[in-house]
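Same order as they appear, the protein sequences are chains V and C.
Heads up: the first sequence begins at 1 in the working numbering, then just goes up one per residue.
Heads up: the second sequence begins at 1 in the working numbering, then just goes up one per residue.
Hint data in this document are derived by calculation from the structure and do not stem from the laboratory.
Any given hint could turn out to be false.
Stated by the list, open to error - Keeping only pairs whose Cα atoms sit at most 25 Å apart, straight-line, the calculated SDA-like set for lysine to any residue is:
| hint | chain 1 | residue 1 | chain 2 | residue 2 |
| --- | --- | --- | --- | --- |
| 1 | V | Lys62 | C | Glu119 |
| 2 | V | Lys45 | C | Ala27 |
| 3 | V | Lys227 | V | Glu215 |
| 4 | V | Lys132 | C | Asp116 |
| 5 | C | Lys21 | V | Thr94 |
| 6 | C | Lys21 | V | Asp116 |
| 7 | V | Lys130 | C | Val24 |
| 8 | V | Lys45 | C | Trp26 |
| 9 | V | Lys114 | C | Trp26 |
| 10 | V | Lys157 | C | Asp116 |
| 11 | V | Lys45 | C | Leu11 |
| 12 | V | Lys114 | C | Gly39 |
| 13 | V | Lys45 | C | Leu14 |
| 14 | V | Lys114 | C | Lys7 |
| 15 | C | Lys21 | V | Lys5 |
| 16 | V | Lys130 | C | Leu11 |
| 17 | C | Lys21 | V | Lys62 |
| 18 | C | Lys21 | V | Glu215 |
| 19 | V | Lys114 | C | Asp116 |
| 20 | V | Lys132 | V | Leu93 |
| 21 | C | Lys7 | V | Thr94 |
| 22 | V | Lys5 | V | Lys132 |
| 23 | V | Lys132 | C | Ser210 |
| 24 | V | Lys114 | C | Val111 |
| 25 | C | Lys7 | V | Asn14 |
| 26 | V | Lys114 | C | Ala27 |
| 27 | C | Lys21 | V | Glu113 |
| 28 | V | Lys132 | C | Tyr25 |
| 29 | C | Lys21 | V | Lys227 |
| 30 | V | Lys114 | C | Ser210 |
| 31 | V | Lys132 | C | Lys7 |
| 32 | V | Lys132 | C | Leu14 |
| 33 | V | Lys132 | C | Leu11 |
| 34 | C | Lys7 | V | Glu52 |
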Amino acid sequence: MIEIKDIYKTFGENDVLKGISATFHPGKNNLIIGGSGSGKTTLLKCIVGLHEPTKGAVYFNKENFTEMNFEQRVPIRTHIGMLFQNSALFDSLTVEENIMFPLNLFTEQTQAEKLDRANFCLERVNLAGKNKLYPSELSGGMKKRVGIARAISMQPKYLFVDEPNSGLDPKTSILIDDLISELTEEYQTTTVVVTHDMNSVMGIGEHIIFLHNGEKWWEGSNKDIAKTDNQELNDFVFASKFMQAARTKL
Amino acid sequence: MFYSLGKYILLLRLSFRRPEKFSVYWAEVMREMVSIGIGSLGIIAIISIFIGAATTIQVAFQLSSPLVSMSIAGKIARDSTILEFSPTISALVLAGRVGSSIASQIGTMRVTEQIDALEIMGVNAPGYLISPKIIASMTMIPLLVIVSIALGIGGGYLACVLSGDITPDDYITGVRDGFDGLTMQVALVKAVVFGFLIASICAYQGFYTSGGALEVGQSSTRGVVFSCVMILFADLVITRIML
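Isolated chain V (complex conformation) (with noise of 0.2 Å):
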């Protein structure tokens, strides 16, 4: 479970997120949604530790990890999967080197064990075989899941993702969050996603915060969406015309 607790965070004079508290549980697929510039990913890094929060703190199973140095931080952190926007696959690694990259450093795992775990995940990602190409050799959505593959290596307690559909086509974009969701309830992860994209807002969110300029605006699941009447939250969600007939169909 990850709770975070009146998170503040200012850039020079801007005030990017103003006092939000919230709770992760394991096993369910947490959203944050918002528009641009909405603090969205500001939230994500302050909740992994890229970013340090101007105020409050966030905790990992009740240890407060914002207040724990970098070596303090380590354990918790080899629990930690990421998926980033880019996928940020290291470009002079393989895509297997890619998976085993953890595992490497943190594990004493023989190099055949190694082999093992990075065919499982990309067998999982529905990869296999796929062991021996560069990431400049995979399209957009191979390397959303080479991300996820690298991200599971470690098998993490938390899951973390950034913008999982961008830049993808309808289809990849189900298929990737279909995965993230199945990957959830399989290994009970706690998993953030940060996204704008409304088909996962109404396929996984089964927890979704809504974030407007900077503050917490929302909160419920993809069921009471359709029944809200928070205008900023209507706005954002059915802004598109597809998106008000569909509701009327809810």
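Once you have looked at the hints, place chain C on chain V.
Here is chain C on its own, set in the frame of chain V:
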């Protein structure tokens, strides 16, 4: 300026923190050694032969007097090559070849979130990315300078054979005459220091890149320019202290 110097020193301190796994870092050091050492051999060989040859011809031209033995030209060319041309010019060329590669590689990793990915995994990113490059650079650049010295003196011999300004025998006699081991020590100290400067300055520039492709290019340029200036400054300081 002091802010940047402080950031540079802190980054170096982080770079030499205890590695997560020694074997992984060692493999990285070996990979960098091949990239820096073997990868730069060609360009170092070419510039060394030409500079050695040009130096010998110029010294012979300046000493064209019946009162001076032509073997002196070999001696002067040898000492100039060992003390200045091989370490300094090699380092300036390597700042362009190796330094720009380090800055752009690390800079690209920064803007494509690969460094964030390392940090999320719990890897000490400065240690994993920078320390192997500094170690490899401080090891391989002295070896390249030794090769450069040998080829520079060889280039001088070729110039003698081809131009006839000095007889090869006079040149060989001059090269062998009154060799002082201190000159080699100075060259190697310079090479080690230059290696450190190239890798650390360019890595610093790359590590703190923000933005996109344009900024990666700017970091790379800044890395090369700053390391060239620092190489020339260090050259003066080392020469003053050791000679």
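Right, here's what the structure says about each hint:
A hinted pair counts as satisfied when its Cα atoms are at most 25 Å apart, and Lys62/V with Glu119/C qualifies at roughly 22 Å. Taking the CA atoms of Lys45/V and Ala27/C, the gap is about 31 Å. The hint is violated against a cut of 25 Å. With a C-alpha separation of about 21 Å, the suggested pair Lys227/V and Glu215/V falls inside the 25 Å cut-off, and the hint holds. For the proposed pair Lys132/V and Asp116/C, the alpha carbon gap of about 24 Å is at most 25 Å, so the pair holds.
About 20 Å separates the Cα atoms of Lys21/C and Thr94/V, which keeps this hinted pair within 25 Å; it holds. For the hint pairing Lys21/C with Asp116/V, the CA-to-CA distance comes to about 21 Å; that is within 25 Å, so the pair holds. Simply put, Lys130/V and Val24/C have alpha-carbon atoms about 24 Å apart, close enough for the 25 Å limit, and the pair holds. The straight-line distance between the Cα atoms of Lys45/V and Trp26/C is roughly 31 Å, outside the 25 Å bound, and the hint therefore fails.
Straight-line distance between C-alpha atoms of Lys114/V and Trp26/C comes to about 19 Å, which keeps the hinted pair within the 25 Å bound. In summary, the hint linking Lys157/V to Asp116/C is supported, as the alpha carbons are separated by about 19 Å, within the 25 Å threshold. Taking the CA atoms of Lys45/V and Leu11/C, the gap is about 21 Å. The hint holds against a cut of 25 Å. Pair hint Lys114/V plus Gly39/C does not hold up; C-alpha atoms about 31 Å apart against a cutoff of 25 Å.
Proposed proximity of Lys45/V and Leu14/C is supported: the alpha carbons are some 21 Å apart, at most 25 Å. Under the criterion of a C-alpha separation no larger than 25 Å, the hint pairing Lys114/V with Lys7/C is inconsistent with the structure, at around 37 Å. Among the hinted pairs, Lys21/C with Lys5/V is inconsistent with the structure: their alpha-carbon atoms are about 35 Å apart, more than 25 Å. At most 25 Å may separate the alpha-carbon atoms for a hinted pair to count; Lys130/V and Leu11/C exceed this at roughly 37 Å.
In summary, the hint linking Lys21/C to Lys62/V is not supported, as the alpha carbons are separated by about 29 Å, beyond the 25 Å threshold. Distance restraint check for Lys21/C and Glu215/V: the Cα-Cα separation of roughly 41 Å exceeds the 25 Å cut-off, and the hinted pair is therefore not satisfied. As the CA atoms of Lys114/V and Asp116/C are separated by approximately 23 Å, the hinted pair is consistent with the 25 Å bound. With a C-alpha separation of about 9 Å, the suggested pairing of Lys132/V with Leu93/V holds against the 25 Å cut-off.
Restraint check for Lys7/C and Thr94/V: the C-alpha separation of about 33 Å exceeds 25 Å, so the hint is violated. Proximity of Lys5/V to Lys132/V is assessed by CA-CA distance (about 43 Å); at most 25 Å being required, the pair is judged violated. Note on Lys132/V and Ser210/C: the hinted pairing is violated, with a Cα-Cα distance of about 31 Å set against a maximum of 25 Å. At most 25 Å may separate the alpha-carbon atoms for a hinted pair to count; Lys114/V and Val111/C exceed this at roughly 29 Å.
Taking the CA atoms of Lys7/C and Asn14/V, the gap is near 24 Å; set against the 25 Å cutoff, the hint holds. About 17 Å separates the Cα atoms of Lys114/V and Ala27/C, which keeps this hinted pair within 25 Å; it holds. Note on Lys21/C and Glu113/V: the hinted pairing holds, with a Cα-Cα distance of about 18 Å set against a maximum of 25 Å. With a CA separation close to 22 Å, the supplied pair Lys132/V and Tyr25/C stays within the 25 Å bound.
For the suggested pair Lys21/C and Lys227/V, the alpha carbons sit about 53 Å apart, so the restraint of at most 25 Å is broken. Simply put, Lys114/V and Ser210/C have alpha-carbon atoms about 34 Å apart, too far for the 25 Å limit, and the pair is violated. For the proposed pair Lys132/V and Lys7/C, the alpha carbon gap of about 38 Å is over 25 Å, so the pair is violated. For the proposed pair Lys132/V and Leu14/C, the alpha carbon gap of about 33 Å is over 25 Å, so the pair is violated.
In summary, the hint linking Lys132/V to Leu11/C is not supported, as the alpha carbons are separated by about 34 Å, beyond the 25 Å threshold. Of the pairs offered as hints, the one joining Lys7/C and Glu52/V holds, with about 18 Å between alpha carbons and a cut-off of 25 Å not exceeded.
Checked against the numbered hints listed earlier, the structure breaks hints 2, 8, 12, 14, 15, 16, 17, 18, 21, 22, 23, 24, 29, 30, 31, 32, 33; every other hint is satisfied.
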